[in-house]
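Student: Below, each chain spelled out in residue letters.
There are 4 protein chains.
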Amino acid sequence: MTDQLVIGGHPFNSRFILGSGKFSLEIVKAVIENGGAEIVTLALRRANLGGEENILDYIPSNVTLLPNTSGARTAEEAVKIARLAREINCGNFVKVEVIRDSKYLFPDNYETIKATEILAKDGFVVLPYMYPDLNVARDLVSAGAAAVMPLAAPIGSNKGLSTRDFIEILVNEIAVPIIVDAGIGRPSQACEAMEMGVDAVMCNTAVATAKNIPLMARAFGQAIESGRNAYLAGLGRVLTEAEASSPLTGFLED
Amino acid sequence: MTDQLVIGGHPFNSRFILGSGKFSLEIVKAVIENGGAEIVTLALRRANLGGEENILDYIPSNVTLLPNTSGARTAEEAVKIARLAREINCGNFVKVEVIRDSKYLFPDNYETIKATEILAKDGFVVLPYMYPDLNVARDLVSAGAAAVMPLAAPIGSNKGLSTRDFIEILVNEIAVPIIVDAGIGRPSQACEAMEMGVDAVMCNTAVATAKNIPLMARAFGQAIESGRNAYLAGLGRVLTEAEASSPLTGFLED
Amino acid sequence: MTDQLVIGGHPFNSRFILGSGKFSLEIVKAVIENGGAEIVTLALRRANLGGEENILDYIPSNVTLLPNTSGARTAEEAVKIARLAREINCGNFVKVEVIRDSKYLFPDNYETIKATEILAKDGFVVLPYMYPDLNVARDLVSAGAAAVMPLAAPIGSNKGLSTRDFIEILVNEIAVPIIVDAGIGRPSQACEAMEMGVDAVMCNTAVATAKNIPLMARAFGQAIESGRNAYLAGLGRVLTEAEASSPLTGFLED
Amino acid sequence: MTDQLVIGGHPFNSRFILGSGKFSLEIVKAVIENGGAEIVTLALRRANLGGEENILDYIPSNVTLLPNTSGARTAEEAVKIARLAREINCGNFVKVEVIRDSKYLFPDNYETIKATEILAKDGFVVLPYMYPDLNVARDLVSAGAAAVMPLAAPIGSNKGLSTRDFIEILVNEIAVPIIVDAGIGRPSQACEAMEMGVDAVMCNTAVATAKNIPLMARAFGQAIESGRNAYLAGLGRVLTEAEASSPLTGFLED
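Protein chains in written order, with our numbering: chain A, 1 to 254; chain B, 255 to 508; chain C, 509 to 762; chain D, 763 to 1016.
To be clear, the hints were calculated from the coordinates, so they are not data collected in a lab.
Any given hint could turn out to be false.
Claimed, not checked - Derived DSBU-like pairs: lysine-lysine, alpha-carbon spacing no greater than 35 angstroms straight-line:
#1 A:K103 with C:K629
#2 C:K719 with D:K876
#3 C:K629 with A:K114
#4 D:K842 with B:K368
#5 A:K114 with C:K588
#6 D:K883 with B:K357
#7 D:K921 with B:K357
#8 B:K375 with D:K876
#9 A:K114 with C:K719
#10 C:K588 with A:K159
#11 A:K121 with C:K611
#12 C:K719 with B:K413
#13 C:K611 with A:K159
When you get a sec, could you build the whole thing from the sequences and use the hints?
Tutor: See below:
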């Protein structure tokens, strides 16, 4: 049995999506390999052509690029960035980010729906970053999203699964893959999300703010795989009282 | 660098301690191997000599046995069981369990201190199961405990880290290894305990109540390793607001 | 000093908004009085004119009615219901509810913005029921909302403050009153919301599903007042370690 | 119907026990009256005879004094302090505190059992401060405790109900009143404890560290009464999905 994540018809063996926005270029490759990531997001500015160093030179060629539209404040700007990314050979996957709030960096769900619709029609595999609202997730699927990327907590906060109950609802109600993105701060939180049935987890800050970055990438890779296995294995029941683990409940002479 | 767990002078590479009390003998070996466990607890009744099937025949020989004193209601009974276990070649590790409450199966901390003292003097490597009380943990260390095994929640409940704040205090204050035992229901909870700096996690019911038992053992093994790596890597800070992950915080033309 | 809640220019002394949708008419008056509520929501169908019993006959005349647009699936339907309510003398307060999801009854934030804009221009004091999304809250304020009513959890679930972190953000960022509505199941949860600085709490199901309904209304009234007082009094700091409460930290002879 | 708290045969109408250890004498009376407290703890050093100011002069005469044995490190010292308190007319109620850990100020459960036994035989109404361990609670009842006072979190920490699951077990299993003591930081936490069926809550630091101390005392008094009423009224069920609050589930024309 192979358990693969399929996004827009493309199969992946890893369910850990790595953000590359906060690492120095020197360690990008080691971080990707430690985490076992097969999809890596990147902001267009780091993939620019020309004289400067280009992050694309540091990412192994078997990795699928997921350029984001970071910096876009409207659907129109997001569409423009996505097309630019395709032109410079970042492929046809795109993470739509439309943000108009600079303090919490919350996605603008409705501009995101608009951008998703335009880009899906234009042949992109669209993964929209969203505020976890069931109605919006349904609209994104109707607009052609290949997956949805609901936030766990504000970007970069490491706060964890603040939206737990609402992501659980998306898992139950939405047919495309659910990728938890933003706010996950610890491997245990990524593991918990996977146990709930989420399809993948994306991390950037939690790895980048660790003291030992490659080792933290490994920890996230293991936690995500663990949570997936636990989901597939089927979690046991929870009791309020105790239940003896050992068959020896009375003393020997009993 | 090797990161080993050392208990009573014995080094271990795995930090997953597996309880064997609830599996059928046929799958014990597969469960141990999937989880990568190097220490396995067992109740004396399953290791009896004579005509019946003996769990010892099913446990790989490189695994350290940790017989428990399940069934003991007093220090005296625990001591008796421990000695019996040593006689039938279960080795000199012992998990002291003294329980007088049949509904929640909470350890009797004071009988446990007494049994620990007697058995430590008698050459055992003593790992007492305890209610996580800092004063008692100190007394157990004085009595010769090689590690302490505070409960997360009632045995077999799968409730998770109900004693989180108090286990964190033990991690900060107690010099011998801290092994969280009882109540852990999900790999994410085992991972969280390890992230806090706990030295090892013991599970039995959470694995045994899964639909696919060997796969859940694998999930726990991965989660515990992940949590250890996260602890070693150093968790990042937590913020209330957002912090951009991507360097592209303004739009392209900005 | 008087601490009043002001909505659309109208001052209120109580911060407990009571939903009337699930009580029998016989006890409505006792429930309102026990809880000290000065605003009561009602669905139009219970306020119909004609032969049947009319809830309006049971509500004390000093109470402000807050008719909701329950049943509306679009902005247009919500506007129609609001106008009908005004015609039958329910006043000019209206709680806008636009719901297209029948399982979780989540509000459709964008139809809600549209209805709010139309009704605010039409002279209503508009209180929109919303999914707690900061961008949407800002749009509702721009559209003329007199207050916003973010949900704590699905309507009628009694699950509590599942949206805690996001409501806290609304408290910090939004200038109109924040009224937590839907999902609050216990007085302690209403109290916690008020401690966070929320301006008022609305309850219906938590009161209606209690065994003693008027007594539970009293409990909610007290909890909401308590939480408000705690917010005004200023909560103390939280420590990880202990700090002696008693001045006698050494023994008498010390 | 009167709902009274009865401790050692003495009935009380209030379930808020106030610690006096951190207030200036000038406001003690106002704090007691705002909170509606009928029992006030005090450390012996503040009740000393002689030239200095005496807290006893500031406590209304209808209030029951609960001197604590703060400073005692052994049962013997606790007994000595208790007898001294009785001699200087603090009455025969005593809160036994035996603490040997100076960082977390955790009670020494076993010295506490010993002191309880001696003092109960000596005619005191004994309320022992304890680490919430079911076995120990049973021993305290056997030793003659009139109530038990399990901690919520370290003294003075304002951390809240860290021991929630274990206090719930005490509520179910122990026949004498359960008084949550230490660590409660907010009225909502006191309210939650009371909703669980706890008989009373004691606070000191949470009130003393507020900006407006008498107002916070009022907030605690209200929250504790609210939680008691909610417990008596019977909390409603919790659902995962929604359930309509309004009878108008279809639109008007439906």
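Student: Are the hints correct? Go through all of them and say.
Tutor: Okay, the hints, checked on the actual structure:
{"no.": "1", "hint": "A:K103 with C:K629", "in the structure": "31 angstroms, holds"}
{"no.": "2", "hint": "C:K719 with D:K876", "in the structure": "43 angstroms, violated"}
{"no.": "3", "hint": "C:K629 with A:K114", "in the structure": "27 angstroms, holds"}
{"no.": "4", "hint": "D:K842 with B:K368", "in the structure": "28 angstroms, holds"}
{"no.": "5", "hint": "A:K114 with C:K588", "in the structure": "28 angstroms, holds"}
{"no.": "6", "hint": "D:K883 with B:K357", "in the structure": "31 angstroms, holds"}
{"no.": "7", "hint": "D:K921 with B:K357", "in the structure": "29 angstroms, holds"}
{"no.": "8", "hint": "B:K375 with D:K876", "in the structure": "27 angstroms, holds"}
{"no.": "9", "hint": "A:K114 with C:K719", "in the structure": "48 angstroms, violated"}
{"no.": "10", "hint": "C:K588 with A:K159", "in the structure": "42 angstroms, violated"}
{"no.": "11", "hint": "A:K121 with C:K611", "in the structure": "31 angstroms, holds"}
{"no.": "12", "hint": "C:K719 with B:K413", "in the structure": "28 angstroms, holds"}
{"no.": "13", "hint": "C:K611 with A:K159", "in the structure": "29 angstroms, holds"}
The structure fails to meet hints 2, 9, 10 from the earlier list, while all remaining hints are met.
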